[in-house]
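Those protein sequences? They're chains U and E, same order as listed.
Going letter by letter, the first sequence gives residues 3 to 628 in this note's numbering.
Going letter by letter, the second sequence gives residues 1007 to 1180 in this note's numbering.
Any given hint could be a false lead.
[Said to hold, decoys possible] BS3-like cross-link-like pairs, simulated, lysine-lysine; straight-line CA separation at most 25 Å:
(1) U:Lys324 <-> U:Lys274
(2) U:Lys199 <-> U:Lys21
(3) E:Lys1072 <-> U:Lys274
(4) E:Lys1166 <-> U:Lys614
(5) E:Lys1166 <-> U:Lys415
(6) U:Lys199 <-> U:Lys415
(7) E:Lys1166 <-> U:Lys209
(8) E:Lys1072 <-> U:Lys427
(9) E:Lys1032 <-> U:Lys199
(10) U:Lys427 <-> E:Lys1166
[Said to hold, decoys possible] Heads up, incomplete: computed chain U residues facing chain E, CB under 8 Å, no partners named:
(11) Lys21
(12) Pro150
(13) Gly231
(14) Glu234
(15) Leu236
(16) Asp333
(17) Thr334
(18) Leu397
(19) Pro424
(20) Val425
(21) Gln482
(22) Ala485
(23) Leu488
(24) Glu539
(25) Thr586
[Claimed, not checked] Sample of chain U residues lacking proximity to chain E, with all beta carbon distances greater than 10 Å (derived):
(26) Arg52
(27) Arg183
(28) Glu358
(29) Leu395
(30) Gln541
(31) Ala605
To be clear, the hints were calculated from the coordinates, so they are not data collected in a lab.
Keep in mind it's a predicted model, so treat the numbers as computed, not measured.
By construction, the Cβ of each residue, glycine as well, lies at the ideal position given by its N, Cα and C atoms.
Given next are the chains, with one letter for each unit.
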Amino acid sequence: MALLQISEPGQTPEPHQRKRAVGIDLGTTNSLVATVRSGTAEALPAEDGRVILPSAVRYLEDGVEVGYGARAAAGGDPYNTLISIKRFMGRGLADIKHFGEQLPYNFAADTAGMPSIETVAGAVNPVQVSAEILKVLAQRGAESLGGPLDGAVITVPAYFDEAQRQATKDAAKLAGLKVLRLLNEPTAAAVAYGLDKAEEGGDVADKTIAVYDLGGGTFDISILRLSKGVFEVLATGGDSALGGDDFDRAVAEWIAVEAGLGTDLDAATQRKLLDIACAAKEALAAETSVPMAYDHWSGALTRDGLAELIDPLIGKTLRACKRALRDAGLDTADVEEVVLVGGSTRTLRVREKVQEFFGREPHADIDPDQVVAIGAAIQADVLVGNKSREDLLLLDVIPLSLGIETMGGLTEKLIHRNTTIPVAKAQEFTTFKDGQTAMAIHVVQGERELVKDCRSLARFELRGIPPMVAGAAHIRVTFQVDADGLLAVSAVEKSSGVAAEITVKPSYGLEDSDITRMLQDSYANAEEDIAARALREAQVEAERTLEAMLVALQEDGAELLDERELGELERAMEALRLAHNGGTPEEIRNRIDALNTLSEPYAARRMDKSIKRAMQGHSLDEFDKP
Amino acid sequence: MKLQQNHFEIFGLPQTYEVDRQVLTKRYRELQQEFHPDRFAAKSEREQMLSMQYAAQINEANNTLKDPVARAQYLLQLAGIEIHPEQTTADGEFLMQQMILRERLEDVRDAGDPEAELEELGSDADELFRAQEQAFSASLGNQALDAASAALLKMQFLAKLRRQIDALEEELLD
């Protein structure tokens, strides 16, 4: 076990060296990367100056194209151009068929239960496609910051379940990114506006925040509660098929009627009308009336005219807001801050109606396309260690309950929704047959009673249970959910202390071996030296471990260790140093493990000491004062 | 590995039923500031794993201590008594009272003003719960563990009733 480097508040143990960290908004339609420079967070542009990267990936026989070029090709090369892939993350083929729309892709189920899409470059899955988008953004970040990235915060929708979060993290791994944290999109938006910060001279107040996110094709509403430093998602809602594109459609239909074009329009005419509609919609942000022309027709669209066309659509979003508030047990009057996210909130009518609904002016100063990436960048800057620790601590909750399947297809909830993460829950199981040495555990996520109504996450198979009579073996299974909302399971037979061997079969995801294989494939394609990378990774881990140990020993090695222990540790450190300087990755890993095992008692003593210290200096009556 | 301390010791709180929620919350945040995995996001994998275990334990301790029933169960557990969450009381008079309360709950839908009736039922249940809390606290203080166990069983009953009242309230709102 390694040592935790606990530093004094306000101090950074490392010499001050800025780390390269970015925040990434991996969106359904568009993606962005942002970073903090000279104290300010900003979205990073591509060479052409545009910050938005359309989330479109086109597979060619000899390569991959990501962004504007790919999106433009979607019409001409639909089978090889993948758009809105985010909707398929962590989903099975059956789920996608349920989306009930005509998708041009050639789907096949792959071994991992994930959809696999046939392209001219071979079959690809949603994780690989997302990784291509992330690679472009990571590259942009590295070029802009002048070197390889130390880490990234990637945003996900608040309602994403474990499988969807895991798929996002897997995509980052494939793209070669170190994920500092998966952050909820609405939380990132709130962070961008500094809503987590304390009021002038006071403590952080309890606040209820509504994040209204209207993109091109999706609408999300999230109700957040910020209380005592905990960001809690109270409720989420929305419409996955409603966005600014629908505004354009409404305006285009109006033009068609006004110009007497009839209803049976060819694709090219439709496209032309949509472009005119979109341009007019955007121009109305600055003008009160814009002239329009198509063919022999000319006319004008006023703000009032636009309002009339899109009010029914905005009304739909507000009804979703009402539902979300009711789910949260709140009223519009309880909402203290409203944040606007998504390009379609630029439409003035949307702002007016949102303001009217909540009865307060929404935050809209930050570019609504960039606000999520900017919040992620601010959090990345803190997590990577560039900013002092006081600034920000986001405690997240698990969005959906985790449970296991019990007799009769029923769900037994182990970890309830809205529990603060990380969290661990242990459950005891026993054998029901004499000599039984294996058992299976089915983990599901959701709020419903029946397993079939929840989402299947994974099946865990325990093996190596010592043979005993039925009911004698007590297997303690620990379900651990980390700060990103990802699940890990471990098991031990209590009477014998034997750790059961666990095989995980994600229901719609990748196994570790799949990722390793895909990584190898992608390295082969990029002609990168996989061995060199493995060695470098092991060396970095060795450096981190040695540094942590050195700092710890300087601090309290003499106090907490006797001479023999100290000598053993120093020898193990020297062995690791030697391995670091000339060993293979395996040798380095082995030495790290050896040092970690040896330092376990020391780690425990340090931890107890620092807990005592954290509690020191507090007398009971100190807290009585308001 | 585990923290050596029990949930009360982690927060430096006296091992009693009465817990100052403000102190608990303040110390909870101080500890998470120190041990949350976000503080180790740029550190070694082992440090990250260890910090996750500690943060999980701090969360568990906080969740246990801030919930009245879980806290009472935990205090008895520390005294060597395991009370199952579904275990029922054998107190006939109490059971009779419970039956009446449950009948009132079932009749709420048909009442002239369901919301007002539900509100009244809720405040009655809360009052009974507070009385059992006091009984639990006093008994535990006197080391009368049997009496404390009996009070906890009633608290569990009343907490369950409270959840059903809340669920019905949500239903009525729709």
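Quick rundown of the hints versus the structure:
no. : hint                   : in the structure
1   : U:Lys324 <-> U:Lys274  : 36 Å, violated
2   : U:Lys199 <-> U:Lys21   : 23 Å, holds
3   : E:Lys1072 <-> U:Lys274 : 61 Å, violated
4   : E:Lys1166 <-> U:Lys614 : 37 Å, violated
5   : E:Lys1166 <-> U:Lys415 : 16 Å, holds
6   : U:Lys199 <-> U:Lys415  : 35 Å, violated
7   : E:Lys1166 <-> U:Lys209 : 29 Å, violated
8   : E:Lys1072 <-> U:Lys427 : 17 Å, holds
9   : E:Lys1032 <-> U:Lys199 : 17 Å, holds
10  : U:Lys427 <-> E:Lys1166 : 22 Å, holds
11  : Lys21                  : 7 Å, holds
12  : Pro150                 : 14 Å, violated
13  : Gly231                 : 5 Å, holds
14  : Glu234                 : 13 Å, violated
15  : Leu236                 : 14 Å, violated
16  : Asp333                 : 11 Å, violated
17  : Thr334                 : 15 Å, violated
18  : Leu397                 : 6 Å, holds
19  : Pro424                 : 4 Å, holds
20  : Val425                 : 5 Å, holds
21  : Gln482                 : 7 Å, holds
22  : Ala485                 : 4 Å, holds
23  : Leu488                 : 10 Å, violated
24  : Glu539                 : 10 Å, violated
25  : Thr586                 : 19 Å, violated
26  : Arg52                  : 30 Å, holds
27  : Arg183                 : 6 Å, violated
28  : Glu358                 : 24 Å, holds
29  : Leu395                 : 6 Å, violated
30  : Gln541                 : 12 Å, holds
31  : Ala605                 : 7 Å, violated
Hints 1, 3, 4, 6, 7, 12, 14, 15, 16, 17, 23, 24, 25, 27, 29 and 31 from the earlier list are contradicted by this structure; the remaining hints agree with it.
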